[in-house]
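Protein chains: 2
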Amino acid sequence: MTTYDIALIGFGGVNRTLAELIATRGEGLRSDLGFGLRVVAITDLRLGSLVQPEGIDLSMALNLGGSETFAVHGGSADTNNESVIHTCTADIICEATYTNPEDGEPAVSHVRWALESGKSVCTTNKGPVALRGAELTSLAEQNGVHFEFEGAVMSGTPVIRLAKKMFSGLKLNGFEGILNGTSNYVLGRMEAGLDYDAAIREAQELGYAEANPAADVEGYDVQLKVLILANELLDAGIELKDVKRQGISTVTPEDINKASRAGRRWKLVGSAQRNPDGTVTAGVTPVELPLDHGLAGVSGATNAVAFDTDLLGHVTVSGPGAGRVETAYALLSDIIAMHAAKTGAVAHV
Amino acid sequence: MTTYDIALIGFGGVNRTLAELIATRGEGLRSDLGFGLRVVAITDLRLGSLVQPEGIDLSMALNLGGSETFAVHGGSADTNNESVIHTCTADIICEATYTNPEDGEPAVSHVRWALESGKSVCTTNKGPVALRGAELTSLAEQNGVHFEFEGAVMSGTPVIRLAKKMFSGLKLNGFEGILNGTSNYVLGRMEAGLDYDAAIREAQELGYAEANPAADVEGYDVQLKVLILANELLDAGIELKDVKRQGISTVTPEDINKASRAGRRWKLVGSAQRNPDGTVTAGVTPVELPLDHGLAGVSGATNAVAFDTDLLGHVTVSGPGAGRVETAYALLSDIIAMHAAKTGAVAHV
Numbered sequence: 012m013t014t015y016d017i018a019l020i021g022f023g024g025v026n027r028t029l030a031e032l033i034a035t036r037g038e039g040l041r042s043d044l045g046f047g048l049r050v051v052a053i054t055d056l057r058l059g060s061l062v063q064p065e066g067i068d069l070s071m072a073l074n075l076g077g078s079e080t081f082a083v084h085g086g087s088a089d090t091n092n093e094s095v096i097h098t099c100t101a102d103i104i105c106e107a108t109y110t111n112p113e114d115g116e117p118a119v120s121h122v123r124w125a126l127e128s129g130k131s132v133c134t135t136n137k138g139p140v141a142l143r144g145a146e147l148t149s150l151a152e153q154n155g156v157h158f159e160f161e162g163a164v165m166s167g168t169p170v171i172r173l174a175k176k177m178f179s180g181l182k183l184n185g186f187e188g189i190l191n192g193t194s195n196y197v198l199g200r201m202e203a204g205l206d207y208d209a210a211i212r213e214a215q216e217l218g219y220a221e222a223n224p225a226a227d228v229e230g231y232d233v234q235l236k237v238l239i240l241a242n243e244l245l246d247a248g249i250e251l252k253d254v255k256r257q258g259i260s261t262v263t264p265e266d267i268n269k270a271s272r273a274g275r276r277w278k279l280v281g282s283a284q285r286n287p288d289g290t291v292t293a294g295v296t297p298v299e300l301p302l303d304h305g306l307a308g309v310s311g312a313t314n315a316v317a318f319d320t321d322l323l324g325h326v327t328v329s330g331p332g333a334g335r336v337e338t339a340y341a342l343l344s345d346i347i348a349m350h351a352a353k354t355g356a357v358a359h360v
Numbered sequence: 012m013t014t015y016d017i018a019l020i021g022f023g024g025v026n027r028t029l030a031e032l033i034a035t036r037g038e039g040l041r042s043d044l045g046f047g048l049r050v051v052a053i054t055d056l057r058l059g060s061l062v063q064p065e066g067i068d069l070s071m072a073l074n075l076g077g078s079e080t081f082a083v084h085g086g087s088a089d090t091n092n093e094s095v096i097h098t099c100t101a102d103i104i105c106e107a108t109y110t111n112p113e114d115g116e117p118a119v120s121h122v123r124w125a126l127e128s129g130k131s132v133c134t135t136n137k138g139p140v141a142l143r144g145a146e147l148t149s150l151a152e153q154n155g156v157h158f159e160f161e162g163a164v165m166s167g168t169p170v171i172r173l174a175k176k177m178f179s180g181l182k183l184n185g186f187e188g189i190l191n192g193t194s195n196y197v198l199g200r201m202e203a204g205l206d207y208d209a210a211i212r213e214a215q216e217l218g219y220a221e222a223n224p225a226a227d228v229e230g231y232d233v234q235l236k237v238l239i240l241a242n243e244l245l246d247a248g249i250e251l252k253d254v255k256r257q258g259i260s261t262v263t264p265e266d267i268n269k270a271s272r273a274g275r276r277w278k279l280v281g282s283a284q285r286n287p288d289g290t291v292t293a294g295v296t297p298v299e300l301p302l303d304h305g306l307a308g309v310s311g312a313t314n315a316v317a318f319d320t321d322l323l324g325h326v327t328v329s330g331p332g333a334g335r336v337e338t339a340y341a342l343l344s345d346i347i348a349m350h351a352a353k354t355g356a357v358a359h360v
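Listed in order, the protein sequences are those of chains A and B.
Each residue of the first sequence is one higher than the one before, starting from 12 at the first, in my numbering.
Each residue of the second sequence is one higher than the one before, starting from 12 at the first, in my numbering.
Since the hints were made in silico from the structure, they are not lab data.
Accuracy of the hints is not assured; some may be wrong.
All copies of an identical chain are treated as equivalent in the list; a pair is satisfied when it fits inside any one copy or across any two copies.
[What the hints assert, rightly or not] Straight-line Cα separation of at most 30 Å, DSBU-like style, residue types lysine-lysine; simulated pairs:
{"#": "1", "residue 1": "K252", "residue 2": "K175"}
{"#": "2", "residue 1": "K255", "residue 2": "K182"}
{"#": "3", "residue 1": "K175", "residue 2": "K255"}
{"#": "4", "residue 1": "K182", "residue 2": "K353"}
My request is simple: use the sequences and hints to build the entire structure.
Shown next as structure tokens:
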């Protein structure tokens, strides 16, 4: 049976959870999916790096104590991302570090190093896909490897792959989505009577919102996701500046109450639509939706995308938009897709 | 390039629409999907049968006038389903006749004849899948052909195939669905103030409900769909009698009003759940859902299924539950899946 050797680049919540899944369910995954996974390299800003072509003891890696680094287990206290990615024996690089919204670094470089050294990549970072998607996809093709990124939008909820694989034979006219759980939570709490600042504070206390909540509430996060979906699914060929962006900080309690009385509800909607001339118009903006709109009932941290198709009309998928386990599953689903592409098989559980 | 020869068994709304799609978009489908479709046989209760291995002129078939039958074009005024299915040169049989809820006939025989003569089958009928699914799937495997039936549940909205292909690596604990548009429409109209009989009459006038609405409002239709999903997706191994059934005729305007005042809403929910001992409990019953439940906002003729998974929690897909074009697309999506299984390719548009 096939075993894929994988490298975990970044050992925070997502890749740690993937390691836990492999450690606790390894044999089950093997019998369910038809392949095994062996971790042969891990790098981490804090823990350093460890490369073991014969397979890393995951329980050791998951239980490194206190200020220990991989140096005490034959690795290095340095992260060494470039050399590890270039030289390790992994078939697949699982990239789950971080990304800045300007140029997508350092995730973009991690992906590029992997692809140019003939390794397939799955990433949960939006940056490489949104800002360098076409270049990196082309680099993967040139090197005969895969570049997968289901986790960049709505964590492990199948969205990108669903639209690519389940809508064959349909024309996709566009999509509308609720793509950020934090802003959706804040709008919901404002509907329940909180003012904007109190709702933000509550979201921060619950761990939904960052200390600086701008990326979520000002629509930057959704903007990147809309860009990804527009380019990947509508072949829009657009850039970040083409996605108009407005966040929810301009929505007042009065707006919320007025909508409520009119049987409507504010949502931060990211959308893209193909125009008659073939171009695509994309944006992020708060919208007052009627309560019977398919996205109006998407509450709290749940995310959803409604696809507008020619033969089926609207088809909507909703599910978790974030989460450690949910995002780790996105990486697993990417590896399953690579295996299916290689073998022509679709794994069933 | 591959061309699949197909036979249309039943030439009512669904297969006529498939023929129209092939006639009007044939070349586009070929370039989008990587294969062509040629209709080599059509049978119909009213029009008789026509077999032409070199390909039938679809505009002729779609425009047969008045009381004309295929006899005037070299065919027969008789339906001849058994002999046409057994002897025609089709690779794939598109079965869209009808099915009775007791033994699934005549659709079951159509499917069996096709599979035993080495032809793949796609059907939009629930009967063969719900009542003879295991037998027919096994017959297809023995004969090295495909048996596909996405259209049996929620027309062309990807549900069965979505769960089988997009949830690899997940454990499915169960599902809850709104699987009948007529009963959902009636409940919605009752919420708007109509009584049960008036809502049924309106649904009949709009063409949503049959003259005898029992199959829809008494839950028989949903019962078959729950049986299909439970056996196909949860490997439940259950029979029709194991799916407890209660329709919406017992829901009174008082029930509706009471729910409304409590911020709740009645829905006819079909569901199945895996029990700790591995068995599956399945049923159809009217349920009062809180308005923030993922299925509460599914209105009118829209259908939805919420899947309960281990790693992603709830993932819900909603879309059309019926319709000529939507169901014809289900057949096309089945053929696309057969092609993908054969070539390992997934067609993109």
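Hints violated by the structure (numbers, ascending): none
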